[in-house]
Amino acid sequence: MPKSSSGPAVEVEQVSFSYSRQKVLDGLSLEVPVGISFGLLGPNGAGKTTLIRLLVGLLKARAGTILTLGQRPSPRIARLIGYMPQLPSLYAELSVIQNVEFFARIYGLKDRQQRAQRVAEVIKLVDLWEHRKKSVSNLSGGMKQRASLACAIVHQPRLLFLDEPTVGLDPELRVTFWEYFTALTRQGATLVISSHTMDDAAHCDQLAFMRNGRVIALGSPDELRQATGQAKATLEDAFLHFVRRQEKQGVG
Amino acid sequence: MSASTLVIAGRIINQLIRDRRTIVLLVVVPLLIASLVGVSVPDKRILDYTAPAILAVLILFFGFLLTGISFLRERSQGTLERLMASPVSRLDIVGGYLLGFLLFAVLQTMILFFYLIYVLNINYYGDLWQIIVLQILIGIGAVCMGTFFSVLAKNEFQMVQFIPMIIVPQIFLCGLLWPVSQMPEYLQWLANVLPMTYGVEGIRALMLEGQNLLDIGKDVGVLAAYAVGLLVLAALTLRRGRS
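Protein chains in written order, with the working numbering: chain Z, 1 to 252; chain A, 1001 to 1243.
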C-alpha cells in the first residue's frame, strides 16, 4: 500500500448534518494525515458514527465539504476504502471464508489465485483459520468482530474507517485488535477509528475529541494531556478539561 | 450485466443452499398447496382452469416474500450498509437479487409445473419454455416488489403485513377464483391496474389455449412494464449518500 504524498487522507470542512430537525454535526472540520491511526473520541451521541457514515458516502452532508483520498465520496473511490460498521454486518448463514471471499470479489479482487491467497492471509491474520468453514451464526461475538475486520481489510484499502471496532471485546482481544491496526498503519494505510473509551484513544497517533457534533480538541494523546497543565493527567482528564472549556465558551 | 451482479447473485444462491430447511420448504410448500387444490376441486375442468393461475400466483407470493424478508435482513444485519459503502452500484444489488431469486423461481416453477402435469394430470397445450419466460417476468415483478416494499418495513412482522395488503388483493382480483369480467365494474377497474391479472390471463392463454408469447403481447408488455418500473423504484430506494 503506497503512501500518498499529496494531501491528507481525509479533509472535512465546515460539515453539518441533521436527522429530521436534530442537528448531529455542527460545522465540523478536521484533517487526517496519511498513514496514521486517527481516533474520533467522544461520548455516545457525539456524532462519531454519523461522521463515519458521511465519510464512506452512506450519508450526504447538508453543508460543507468532505474529501477522502482527495475526492468526494463515490463508488469509484470506494474501491480504495475499507469500512467496518459498528455491528459485525456479516451474512450469518455463510461461513467465514465465504463472507471474506464475497467482499474480496465485491471490491474487485478478480484473479482467483491471488484472491484465494489474500482471503487466506486475512483470515489467518485475524486468527480464524481454524474456524473458516463455520457459519458466522455459530461464532462468538469476538470472532464475528474479527471476521468483520477481515472483510473490511481484504482488499488492502488505503483508507480504513472502523466504527467502534473494539466494543464488546475482552481485554486480550482488544490488544490483538490494536496490534492489527498498528500493523496496517505500518504498511501505509490510514485508519480512522471511532471509540468512546480512553483505552482506545491512547493507542491512536492523533485524536479528535468530539462532543455535540463538534470537534472540541485535536492533537496527539500527549499534546492533549499536556494541554490540561497537569503533570499526570490522563486522556479522561484531558477530555473533561476540553468539555469544561467548551462550556465556559458557551458552545454546545 | 456487471461482475458484481453475478457475485451478489452467487452469494444469495450460496445463502439459500446453506439454509437447507428453507430449500426444502420452498419445494414442499407449493406442492402441498397444489395438492390441496388438486384434491379439493372435484371437477377436472375447473382444476385445469385453476392450475395455471396457481402456478403464477405462487411465484408472485414466494418471490415477494423471500425477497422482501431477505432484503429486510440485509438492512437489519447491516450488510446492506456495507454493500452501499462498497464500489457496487444499486442496480448491481437489485440485479443480483433478481438473478439469485429468479433461479429459485424458475426451479420452483418447473417442479410445480411437472407436478401439476404428471401427478395432478392437468391438461395443457403451450410450450414449457414460453411458460417459463412468462413466469420469469412475473418473478421479476415479484422480486422488485419485495425489494421496494421492504424499504417501508422496519421488521419482519411489518413485512408480513404487506402480504394481505399487496399480495392477497391481487390473488382475489386476478381471476384465480372467478373471472374478472364477472366482477363489479369498479373491481374490474382495480383488477386491470394490478400486474397479476395480466400474469394469470397470460399463463391461461399459454397453457389452456396453446397461444404463444406474441399472441399475449399485451400481457407480456404490461408485466414487462411493471417489472422495469418496479426495478427502477427498487433501485431508487437504495440511494447512496442520502441527505
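Derived from the structure by calculation, the hints contain no laboratory data.
Predicted model, so just to flag it, every value in this text is computed and none were measured.
Just to be clear, a hint being listed does not mean it is correct.
[Unchecked claim] Ranges between beta-carbon positions, derived for each pair:
#1 Thr1237(A) with Ser74(Z): 16 to 24 Å
#2 Val1039(A) with Arg21(Z): 55 to 63 Å
#3 Ile1132(A) with Gln113(Z): 31 to 39 Å
#4 Glu1156(A) with Glu223(Z): 19 to 27 Å
#5 Gln113(Z) with Ser1040(A): 52 to 60 Å
#6 Gln1161(A) with Ser137(Z): 20 to 28 Å
#7 Lys23(Z) with Ser1035(A): 53 to 61 Å
#8 Ser137(Z) with Trp1178(A): 39 to 47 Å
#9 Pro1179(A) with Arg62(Z): 53 to 61 Å
#10 Arg1021(A) with Lys124(Z): 41 to 49 Å
#11 Gly1217(A) with Gly188(Z): 57 to 65 Å
Backbone N, C-alpha and C fix where the C-beta goes; we use that ideal spot for every residue, glycine too.
> Taking each numbered hint in turn, which are not upheld by the structure, reported in ascending numerical order?
Replying inline: 4 and 10
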